[in-house]
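Take the sequences, apply the hints, and build the full model.
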Amino acid sequence: MNYPQLFLTTLPELIVVLGMFVALGFDYTKYKELDPQTRSNKVAALSTIALMLGLAGVVWQFLQVTDGSKTFSNSFNGQVVLTPLTLWFKGLIFVLALFVVQFAKTDVPNKHVSEYFGLILLSTLGMGFLITAQNLIMLFVSIELISLSLYGLTAFQTDKKFSVEAGIKYFTIGGVSSAFLLFGLSYLFGATNELSFEGITAAITSGAAPQNYVLIASAFLVVGLGFKIAAAPFHLWAPDTYQCGPVPVAAWVASGSKIASFFLLVQLFGPVLETSEQKETLIAGIVLVSVLSMVLGNIGALRQSCVKRLLAYSSIAHAGYILIGLVAANEDGSISVLFYAVIYSLATLGAFATIGIIDSRLGREAQIDDFNGTWKQNPGLSILFMIFILSLAGIPPLSGFFGKFYLFMAAIGSQPEIASWSEGFYWLVAVALLMSAVSLFYYVKVLKAFLVSADTPKLPSIQITKAEGAGLLLLAVLVVYLGIYPTGLVEFIAASLG
Amino acid sequence: MTIGLNEFLVVSGLLFTIGFVGLLIRRNTLVLFMCLEIMLNGVNVALVAFSQFNGTMDGNLLVFFIITVAAAEVAVGLAILVALFRKRQTVYVQELNALKN
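From first to last, the protein sequence lines are chains A and B. Start counting the first sequence at 68; every next residue gets the next number (the numbering used here). Start counting the second sequence at -4; every next residue gets the next number (the numbering used here).
Be aware that a few hints might be false.
[Stated by the list, open to error] Sample of chain B residues lacking proximity to chain A, with all beta carbon distances greater than 12 angstroms (derived):
#, residue
1, -4
2, -3
3, -2
4, 2
[To be verified] As a list, the in silico PhoX-like pairs of lysine-lysine whose alpha-carbon atoms are at most 25 angstroms apart:
#, chain 1, residue 1, chain 2, residue 2
5, A, 533, A, 109
6, A, 443, A, 512
7, A, 178, B, 82
8, A, 227, B, 82
9, A, 227, A, 178
10, B, 82, A, 228
11, A, 97, A, 178
[Said to hold, decoys possible] In silico contact screen, one side only, chain B against chain A (beta carbon under 8 angstroms); selected entries:
#, residue
12, 11
13, 18
14, 38
15, 42
16, 57
17, 75
18, 79
To be clear, the hints were calculated from the coordinates, so they are not data collected in a lab. Even for Gly, the Cβ is constructed at its ideal location relative to N, Cα and C.
See below:
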């Protein structure tokens, strides 16, 4: 074992863990007598410093790897694989965590301040490890690290009536999904006799693995990961978790853990879908999940009056859209899935953060009616919210449109030999387009309340802190920038995947 | 009759199914946690059997990780359950219907 290299490989994570313990230590000793809001600001500052140092570590690793130096060529049997792509996504997770910490600090659910930020940092580490993991052991441990932190975070708002209840629901359903995932992993191991993704892919593509085991494994993996990405019919936990947990946590579940799960989905299923003998059956299964998610998500969102719940159902629908890229089963498909995961999480993080700010100033859950005429009192906040919602809806100048465009083109382009429009995945894309049109209805309903409602404004003028304002602005700029100039990111993903 | 890989897999599948069915029909949250453990143990049996019949140690290694993480998972679950009991004075699933929509 090469210990110096192991140290350098996990340096960003070690820095963040150290920062977490420093924050916990200060909170228990020096800050003990202060009031919760001051403690929260101080602990958030420490967490921010830790995350920034960790991010600097990731950037340093990225520069090393892209320079072609051999520093990180040893991946410890696939436990921590550092490539430009994995490091870029890990950096993105750290950046998103920075945003979440800024949004979380103004409204800490209860007096256990440092534990709250500690759990956010721990889940960040889990997501980072999940992205760099190419080995079943590391995969399992990092998924559990994410899930266990998020269960705790969801149940954190003990003063609110339903937070704990949502937590226990999330825990039970998440536990079942972990069990299904593990059952799939055990059959994957049984079929291939390998724990590293490399060995598993080789065994499956060469046809050495027993096909019936591979099929059982894939079915259970689809169910297990379907829970994690909140795809229908495994979506039952999502609306409650998003609505009743603390809002920054909901934003974090919808953005960070989604990116990590989709990255895993692409890495695990990408090669198998392209070459395995079970390709047809698997694709049929994923198409079914995708259509169900799009239909149930969008129809469910139509009748919601609580904005957080509406966003939860829209996230289910988005999981359906993203699966279309996976169905394409080629490199274009993988690129479009990763690209869409990035822009979706930026937009949804921004939307949830805006709702969180409004919720905390309002002191209760915001309903759509509460936003009537917000434009007049808070023009800045309304414009930012409009950008996020329009990107989620897929309106052309914003990045959401290009994300959907790439997904649908990948699905159609995956079968160049089809003769007419009635074959291939045209019908799937047609369903997706139809459902996008349905989704416009509820997105515009929210925007209408914000922008054009003639009633007197229900919300007073909202003061937002500098950190929140900067975070929202940066997210909106990223959403717009990736819409105007998507090729940079797409080409980077394409170059590093190939 | 010799006991082969398939017999072990049947036992593992049975354990997993018993756990899953238990999750669907039982109403006490504590029993639900036990059902989760049974499902995970079904997975462990499959992994050890595969390891044994494939002639590697890798599966056994994963089993140790599963046992450890399952213990952590139950600790988190019980903590949430205690918080829930303080709030609502119940552990029964049918009484936790405040979120129905």
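Each hint tested on the structure:
no.	hint	verdict
1	-4	holds, 22 angstroms
2	-3	holds, 19 angstroms
3	-2	holds, 16 angstroms
4	2	holds, 14 angstroms
5	A:533 with A:109	holds, 15 angstroms
6	A:443 with A:512	holds, 17 angstroms
7	A:178 with B:82	holds, 17 angstroms
8	A:227 with B:82	holds, 10 angstroms
9	A:227 with A:178	holds, 13 angstroms
10	B:82 with A:228	holds, 8 angstroms
11	A:97 with A:178	holds, 15 angstroms
12	11	holds, 6 angstroms
13	18	holds, 6 angstroms
14	38	holds, 4 angstroms
15	42	holds, 5 angstroms
16	57	holds, 6 angstroms
17	75	holds, 5 angstroms
18	79	holds, 5 angstroms
The structure fails none of the hints (numbered hints given earlier).
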